[in-house]
Amino acid sequence: EAGVTQFPSHSVIEKGQTVTLRCDPISGHDNLYWYRRVMGKEIKFLLHFVKESKQDESGMPNNRFLAERTGGTYSTLKVQPAELEDSGVYFCASSQDIGHSPKSYEQYFGPGTRLTVT
Amino acid sequence: AQKVTQAQTEISVVEKEDVTLDCVYETRDTTYYLFWYKQPPSGELVFLIRRNSFDEQNEISGRYSWNFQKSTSSFNFTITASQVVDSAVYFCALIYAGGTSYGKLTFGQGTILTVHP
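Those protein sequence lines, which keep their order, are chains A and B. Be aware that the first sequence starts at 292, since it is given in our numbering, and climbs by one per residue. Be aware that the second sequence starts at 7, since it is given in our numbering, and climbs by one per residue.
Bear in mind the hints are in silico, worked out from the structure with no lab data behind them. Watch out, some of these pointers could steer you wrong.
[What the hints assert, rightly or not] Restricting the straight-line Cα-Cα distance to at most 30 Å, the calculated cross-link-like pairs of lysine-lysine (DSSO-like) are:
no.	chain 1	residue 1	chain 2	residue 2
1	A	Lys394	B	Lys44
2	A	Lys345	A	Lys394
3	A	Lys394	A	Lys342
4	A	Lys335	B	Lys76
Required output: the full structure, derived from the provided sequences and hints.
Encoded structure:
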């Protein structure tokens with residue numbers, strides 16, 4: 292079974308440009324999460340999709356960030372326009388939905404996209 | 007609000023030493039899960055263990071063991087006879103499990119473990 296994949300692995304852009312990150316969850320996982328780790332800080336939650344619907348987007352920093360999950364499969368996270376403080380590693384995770392069983396709380400992570408804004 | 011603290015920023019040991027990674031958490035919730043993840047140099051977070059807030063039994067998996075104590079709000083991770091391949095960043099995390107959705111992970115700052123040959 293393929294794991295969570297993310298593209299690109301690295302992205303270097305200039306301030307003011309646009310970047311789109313992509314995440315492909317594990318096949319069959321309805322829950323998809325985005326997290327971010329800014330240099331030296333802890334990993335922080337951004338948002339949570341259940342299929343194509345946004346369940347919780349309380350962690351999105353501002354309206355320069357737009358996440359979509361069309362068709363409930365892969366997800367994209369667009370940053371427009373990018374600012375210096377957006378630099379960090381963006382992680383995507385997915386989990387199954389099998390009721391409120393313990394397994395539904397296990398999130399499986401991708402390798403992350405390292406975003407550098409110069 | 008939830009909070010997870012990993013007080014050890016970096017730990018360095020020599021191969022075959024035992025090492026314990028500390029994790030202390032804060033939550034007002036009674037129903038939650040605790041996790042440990044490993045981040046090797048390749049970057050992805052690898053799931054290691056999930057522990058239910060109602061289950062304080064310690065767990066052992068090979069050289070890994072976990073000690074969960076609700077009285078001290080701690081969920082410590084011990085690696086016995088460490089190996090170079092254990093070198094990684096280790097994250098402790100917590101998730102509230104009493105709501106209608108599956109919630110979000112709250113992470114500690116991570117502990118960088120380096121095992122020298």
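Now for the hints, and whether the structure bears them out:
no.: 1; hint: A:Lys394 / B:Lys44; result: holds, 18 Å
no.: 2; hint: A:Lys345 / A:Lys394; result: holds, 21 Å
no.: 3; hint: A:Lys394 / A:Lys342; result: holds, 17 Å
no.: 4; hint: A:Lys335 / B:Lys76; result: holds, 24 Å
Violated hints for the displayed structure: none, as all numbered hints are satisfied.
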